[in-house]
Amino acid sequence: MSLFILSMIGLSGGLAVGSGLVAFLTVLGVVPRLANLTKTENLLSLYEMSIVGGAIIGIWFSLGDPAFSFTNSLLVIIGLACGMFIGLLAAALTEVLNVFPILAKRIGLKGKVYILLWAIVLGKIAGSLYQWIFFVRS
Amino acid sequence: MVKKVYFRLKSRHWIKDKTVVLKDISQIITEGIPHESIENMKICELTEADKSLEVVDAMKVVEIINKNFPGTDVQVVGPTQSIIYRKEKGKGAKPILFIFVWLLLFIGAGLAVMNFHEDVSMQEVHVKIHQVITGEIVEHPLWLQIPYSIGLGLGMILFFNHVFRKRINEEPSPMEVEMFNYEENMDRYISVYENDAWKRK
Numbered sequence: 061m062s063l064f065i066l067s068m069i070g071l072s073g074g075l076a077v078g079s080g081l082v083a084f085l086t087v088l089g090v091v092p093r094l095a096n097l098t099k100t101e102n103l104l105s106l107y108e109m110s111i112v113g114g115a116i117i118g119i120w121f122s123l124g125d126p127a128f129s130f131t132n133s134l135l136v137i138i139g140l141a142c143g144m145f146i147g148l149l150a151a152a153l154t155e156v157l158n159v160f161p162i163l164a165k166r167i168g169l170k171g172k173v174y175i176l177l178w179a180i181v182l183g184k185i186a187g188s189l190y191q192w193i194f195f196v197r198s
Numbered sequence: 040m041v042k043k044v045y046f047r048l049k050s051r052h053w054i055k056d057k058t059v060v061l062k063d064i065s066q067i068i069t070e071g072i073p074h075e076s077i078e079n080m081k082i083c084e085l086t087e088a089d090k091s092l093e094v095v096d097a098m099k100v101v102e103i104i105n106k107n108f109p110g111t112d113v114q115v116v117g118p119t120q121s122i123i124y125r126k127e128k129g130k131g132a133k134p135i136l137f138i139f140v141w142l143l144l145f146i147g148a149g150l151a152v153m154n155f156h157e158d159v160s161m162q163e164v165h166v167k168i169h170q171v172i173t174g175e176i177v178e179h180p181l182w183l184q185i186p187y188s189i190g191l192g193l194g195m196i197l198f199f200n201h202v203f204r205k206r207i208n209e210e211p212s213p214m215e216v217e218m219f220n221y222e223e224n225m226d227r228y229i230s231v232y233e234n235d236a237w238k239r240k
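Chain order of the listed sequences is P and B.
First residue of the first sequence: 61, per our numbering; consecutive thereafter.
First residue of the second sequence: 40, per our numbering; consecutive thereafter.
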């Protein structure tokens, strides 16, 4: 009986988290943006499956305890992919905040918003590198 | 002969000199009236003490045309007002302000990403991924984290479609669309609240 209750709690918890994750990605519009960039809008359903599959592998990695012995080069690829995904999310959030048009207008930089965008991009890279190389090690 | 004028206002117009004539702010088709005389009709004048923008309502244009060519059938097509902005001389980018804002965004972005990483325990996740992939427990998986940091920037650039804009497609980037929406909204606000036609009452 307690096992049944436990599995019901697990199932409903998973439902809530899963739908939350998908809703989050949908609101930010990262997937349509990528499909649009690569002109693969017709393959959207495959991208959905990729997200679901990735989430399930993520669950396995975080809740289970698998240990492979791949080389560091695979780590580089995974790291790059993780970073790009977070970067997409960050960019989507920044856009929602709507700060750029106002800022650009205030300082008379119309048409050159990209210079400000580079400030954000380089700042993110610098902050991230600083954190991993110095901040968490001190 | 029937006298007819069709005009379509531009929603936005930047000027350098003070006087605005009708052809600056609209496309015109005339019937039975000399085209040039309509084209060069003075609409308004931005004096130096005046504000930096002026809203020209289509009704005002109709009024002016009717005053000069009584009995003309005037047809308005498209936007019902045009916003005239004065192009300010020597007022481009302000370097010091710009550098300040640039540094502000740079440092702020760095801080924000560090806070985010702390918030979601990114360090622990990276250690875990390193352990899963290579089988060894390392306290600082830099092999994962340095590519991650570079990818972070790449992802943002990809989203804004900046670097690959020419190569991938010609569509506007989300940033340009955002900029456009912002300006549209401003124009809509201005055309209601800065419009003399409504203010008089």
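Everything labelled a hint here was simulated from the structure, so no lab data went into it.
A quick note: this is a predicted structure, and the numbers were derived from the prediction, not measured.
Where hints are given, some of them may not hold.
[Said to hold, decoys possible] Here are the computed lysine to any residue pairs in the SDA-like style, where the Cα-Cα straight-line distance is at most 25 angstroms:
(1) B:Lys167 / P:Leu104
(2) P:Lys99 / B:Lys167
(3) P:Lys165 / B:Asn154
(4) P:Lys172 / B:Trp141
(5) B:Lys57 / B:Trp141
(6) B:Lys55 / P:Gly114
(7) P:Lys172 / B:Thr119
(8) P:Lys172 / B:Glu84
(9) B:Lys167 / P:Gly114
(10) P:Lys165 / B:Lys167
(11) B:Lys55 / P:Leu81
(12) P:Lys172 / B:Thr86
(13) P:Lys99 / B:Lys55
(14) P:Lys172 / B:Lys167
(15) B:Lys49 / P:Leu81
(16) B:Lys167 / P:Pro161
(17) P:Lys165 / B:Glu222
Here is how each hint holds up against the structure:
no.: 1; hint: B:Lys167 / P:Leu104; result: 30 angstroms, violated
no.: 2; hint: P:Lys99 / B:Lys167; result: 35 angstroms, violated
no.: 3; hint: P:Lys165 / B:Asn154; result: 28 angstroms, violated
no.: 4; hint: P:Lys172 / B:Trp141; result: 12 angstroms, holds
no.: 5; hint: B:Lys57 / B:Trp141; result: 35 angstroms, violated
no.: 6; hint: B:Lys55 / P:Gly114; result: 57 angstroms, violated
no.: 7; hint: P:Lys172 / B:Thr119; result: 30 angstroms, violated
no.: 8; hint: P:Lys172 / B:Glu84; result: 30 angstroms, violated
no.: 9; hint: B:Lys167 / P:Gly114; result: 16 angstroms, holds
no.: 10; hint: P:Lys165 / B:Lys167; result: 44 angstroms, violated
no.: 11; hint: B:Lys55 / P:Leu81; result: 52 angstroms, violated
no.: 12; hint: P:Lys172 / B:Thr86; result: 30 angstroms, violated
no.: 13; hint: P:Lys99 / B:Lys55; result: 42 angstroms, violated
no.: 14; hint: P:Lys172 / B:Lys167; result: 41 angstroms, violated
no.: 15; hint: B:Lys49 / P:Leu81; result: 45 angstroms, violated
no.: 16; hint: B:Lys167 / P:Pro161; result: 40 angstroms, violated
no.: 17; hint: P:Lys165 / B:Glu222; result: 10 angstroms, holds
Hint compliance for this structure: hints 1, 2, 3, 5, 6, 7, 8, 10, 11, 12, 13, 14, 15 and 16 are not met, and every other hint is.
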